[in-house]
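**Q** Order-wise, the sequence lines are chains E and U. Under full-length UniProt numbering, the first residue of the first sequence carries the number 1, and numbering increases by one thereafter. Under full-length UniProt numbering, the first residue of the second sequence carries the number 1, and numbering increases by one thereafter.
If you are wondering where the hints come from, they were derived from the structure by calculation, not from laboratory data. Don't take each hint at face value.
To be verified - Below 20 angstroms or equal to it, Euclidean Cα-Cα: the simulated SDA-like pairs (lysine to any residue) are: (1) U:LYS379 to E:SER310; (2) U:LYS185 to U:TRP175; (3) E:LYS379 to U:ALA307.
There are 2 protein chains.
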Amino acid sequence: MGEGADRPRAGIVVTGSELLTGAISDANGPWLARELAGLGFEVAHVVAAGDRPDDLMRALEFLAGAGVALVVTSGGLGPTADDLTGEVVAGFAGVDLVPDEAMRVRIEEILADWGARTGFAGPALDEATRKQALVPRGATALPPVGTAPGLVVDRPGGPLVVVLPGPPRELQGMWPAAVAAPAVKDLLSTVPPANARLLRFFGLPESEIAATLREVGESRDLSGVEVGTCLRHSELEVDLRARPGAEAVAEELAGLIVERHARNLVSAEGATVDELVAQALLGKGFTVATGESCTGGLLAGRLVDRAGSSAYVAGGVVAYSNEAKTALLGVPAEMIATHGAVSPEVARALADGARDRFGADVGVGITGVAGPGGSTEAKPVGYVCFCVTTADGTVLARDPRLRGSRADIRERSVDTAMHLILRAVAPRGA
Amino acid sequence: MGEGADRPRAGIVVTGSELLTGAISDANGPWLARELAGLGFEVAHVVAAGDRPDDLMRALEFLAGAGVALVVTSGGLGPTADDLTGEVVAGFAGVDLVPDEAMRVRIEEILADWGARTGFAGPALDEATRKQALVPRGATALPPVGTAPGLVVDRPGGPLVVVLPGPPRELQGMWPAAVAAPAVKDLLSTVPPANARLLRFFGLPESEIAATLREVGESRDLSGVEVGTCLRHSELEVDLRARPGAEAVAEELAGLIVERHARNLVSAEGATVDELVAQALLGKGFTVATGESCTGGLLAGRLVDRAGSSAYVAGGVVAYSNEAKTALLGVPAEMIATHGAVSPEVARALADGARDRFGADVGVGITGVAGPGGSTEAKPVGYVCFCVTTADGTVLARDPRLRGSRADIRERSVDTAMHLILRAVAPRGA
Numbered sequence: 001m002g003e004g005a006d007r008p009r010a011g012i013v014v015t016g017s018e019l020l021t022g023a024i025s026d027a028n029g030p031w032l033a034r035e036l037a038g039l040g041f042e043v044a045h046v047v048a049a050g051d052r053p054d055d056l057m058r059a060l061e062f063l064a065g066a067g068v069a070l071v072v073t074s075g076g077l078g079p080t081a082d083d084l085t086g087e088v089v090a091g092f093a094g095v096d097l098v099p100d101e102a103m104r105v106r107i108e109e110i111l112a113d114w115g116a117r118t119g120f121a122g123p124a125l126d127e128a129t130r131k132q133a134l135v136p137r138g139a140t141a142l143p144p145v146g147t148a149p150g151l152v153v154d155r156p157g158g159p160l161v162v163v164l165p166g167p168p169r170e171l172q173g174m175w176p177a178a179v180a181a182p183a184v185k186d187l188l189s190t191v192p193p194a195n196a197r198l199l200r201f202f203g204l205p206e207s208e209i210a211a212t213l214r215e216v217g218e219s220r221d222l223s224g225v226e227v228g229t230c231l232r233h234s235e236l237e238v239d240l241r242a243r244p245g246a247e248a249v250a251e252e253l254a255g256l257i258v259e260r261h262a263r264n265l266v267s268a269e270g271a272t273v274d275e276l277v278a279q280a281l282l283g284k285g286f287t288v289a290t291g292e293s294c295t296g297g298l299l300a301g302r303l304v305d306r307a308g309s310s311a312y313v314a315g316g317v318v319a320y321s322n323e324a325k326t327a328l329l330g331v332p333a334e335m336i337a338t339h340g341a342v343s344p345e346v347a348r349a350l351a352d353g354a355r356d357r358f359g360a361d362v363g364v365g366i367t368g369v370a371g372p373g374g375s376t377e378a379k380p381v382g383y384v385c386f387c388v389t390t391a392d393g394t395v396l397a398r399d400p401r402l403r404g405s406r407a408d409i410r411e412r413s414v415d416t417a418m419h420l421i422l423r424a425v426a427p428r429g430a
Numbered sequence: 001m002g003e004g005a006d007r008p009r010a011g012i013v014v015t016g017s018e019l020l021t022g023a024i025s026d027a028n029g030p031w032l033a034r035e036l037a038g039l040g041f042e043v044a045h046v047v048a049a050g051d052r053p054d055d056l057m058r059a060l061e062f063l064a065g066a067g068v069a070l071v072v073t074s075g076g077l078g079p080t081a082d083d084l085t086g087e088v089v090a091g092f093a094g095v096d097l098v099p100d101e102a103m104r105v106r107i108e109e110i111l112a113d114w115g116a117r118t119g120f121a122g123p124a125l126d127e128a129t130r131k132q133a134l135v136p137r138g139a140t141a142l143p144p145v146g147t148a149p150g151l152v153v154d155r156p157g158g159p160l161v162v163v164l165p166g167p168p169r170e171l172q173g174m175w176p177a178a179v180a181a182p183a184v185k186d187l188l189s190t191v192p193p194a195n196a197r198l199l200r201f202f203g204l205p206e207s208e209i210a211a212t213l214r215e216v217g218e219s220r221d222l223s224g225v226e227v228g229t230c231l232r233h234s235e236l237e238v239d240l241r242a243r244p245g246a247e248a249v250a251e252e253l254a255g256l257i258v259e260r261h262a263r264n265l266v267s268a269e270g271a272t273v274d275e276l277v278a279q280a281l282l283g284k285g286f287t288v289a290t291g292e293s294c295t296g297g298l299l300a301g302r303l304v305d306r307a308g309s310s311a312y313v314a315g316g317v318v319a320y321s322n323e324a325k326t327a328l329l330g331v332p333a334e335m336i337a338t339h340g341a342v343s344p345e346v347a348r349a350l351a352d353g354a355r356d357r358f359g360a361d362v363g364v365g366i367t368g369v370a371g372p373g374g375s376t377e378a379k380p381v382g383y384v385c386f387c388v389t390t391a392d393g394t395v396l397a398r399d400p401r402l403r404g405s406r407a408d409i410r411e412r413s414v415d416t417a418m419h420l421i422l423r424a425v426a427p428r429g430a
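Looking at chain E on its own, in the form it has when it is part of the complex:
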């Protein structure tokens, strides 16, 4: 919906040959994309380029051709021969590299300290210092967070290029200085605010949102609203961005989507199920305990993921074997014999057992067939039984058949359990 053509565009180049062998997943691209979108840019592309000067230059020219006002690069600022971002960006801007004496002294201090710790010194170190203190003529150098300075390089006719180091900690640490650099500040003053709204749904297929958009679009002009959908952690995220002037339409559309799909709504303000579960448990002063079989501890791991979770997570048992279910969570052996280890009865007993053993207010039981083995005709791969019980008598049970690989099924099981906990602790409309 809408091309969002009014927003200035930005592009990202992440460098490093290791990104192109699949050896490593890039963390800087998504991080920078989120920051740039938050500043109001439309991010046109994220491009990964290896440590080859021609490829990096071609990537910069590609982004210039895509009409971006700003390019942010990550990586290639180190002391070794394949660290060549500064040089290539200078060439892209049509200027030469000049030594920055103040920066050289600064880097020398940092490296002296590092050399003392690691035993590295000598001509190789001096050469590295000299190389890292070269700055494209007219560019602004950003103080190092690790050892390498960043750069802000204004190319005549655009785009503005911000050059940042590759290690995520250094890149993120340097970002505030980059955003505060005069040339970047000037550019930002021309960017309209993001006006973004994020809706989350559980159990709603993407095609339903598409149908709603088509229907609403018949009576309203939605061309000023950009709508993106994406499935994440088994939730459908609907992302609305208004172009300047279309803010009211976007708000109205968000309201209509929420109203029409209220049954599946998780949050209308962008909160995650993890945040909502934590809030709900803290709000009621409840603790939660888990009895997991097929998810093998992943639900407990997800619950304690948040800082401060010790206030509401009592603990959990991973009871993979039948003996462990009985010995550690008190699931009657004859119940397992009668109904099978994967059954709604056992899920309930796991929930009650966890609640009892940890003295918790909320118990969660999960038992299922994650596959690839262990299935029967009645209990195929993906059949998972969930139960959430609370001290005040709520019992919520589900036994869906989940799709996908072993990893998918376990991940979706954890997602499903989180939503079931939320419903048990913060019932809709409550």
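Since the structure of chain E is provided, determine the placement of chain U on it from the hints.
**A** Just chain U now, kept in the frame of chain E:
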């Protein structure tokens, strides 16, 4: 080391506006890069493009300009209006879209089944079916793994374009069919084998490998070997690729690296610590049980990640509170009072308690300060105590201070525990 210029190049385009708002991290780019590198291609670029036809077309043209012989795209094959990869790739190849009747029937069957289960149906579904069954003239359609078919589109003058769906499960499921498609097979017959070798080390800094490479490079010509290093799951992965003719040098170099860093070697043949732990436990007929505090179930989750893990994972307890440590794993309350919940003593008691309660052969205890709260001067954030004990009397303990955020510390704790289990069950040189 070396430009690998002899290899045919490939490019990857991942599509989806959600990749450009930072809402989601792309999993397909790294996966495809690894596959393509494994097939012997040099991957030139991974480009993320939003759901805008112009941007997608420009990305394809950029890759063609970078001299790639093969482009693989992911995403944009769904039923909604912003799913336009098929259409744009048809335009890129200079052909029109034509309905594929057999494919339409196939998709209709799949969607009918899905509609019956979810209760969704009607004109929106018919329209989605029609759209997804459109194929660029002359292209090969690849059978759907989810609902969307893939495509192999041969552009006159190159590159060959393989169009795959966005959900990782569907993309990975369709990959064997894509690689087996006649046009792709023809191209692959011209690609020299990758000759890749992957070495894994634990506890070895990258600079040590760099030093070894410098030293070996003084007496040997290493220009035919491309060496990449990358830190993943706390392991240093060293990836060696030989250009045609340099296979023997690469083998010799791999041998020298392994010999020099034998103390830190995890595997010289690419096996992961997860595989090695599973093999070692199965080989000895051992079962393992966990007593986790700060990692909150993530170690148990990692252990049961593998299919068939019920043969060697007995279970685990997430004992977040002191009461749970005592009640469920028998950690003496006075031990906690004397030494603190985060102490080598409690780690040992957690390991022994888990082993005892689950009747397992190997027990693992983890307790630490994941932060941001809970630290003291003596026990700062990142201080984590590990202990692995076995029924035959082995006791391995560590209490390092790990770096990074809460999530980093928990992840590194799980990695460290996996390596400690491996050492306990399969001692080096045994």
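**Q** List, from low to high, the hint numbers that the structure doesn't satisfy.
**A** none
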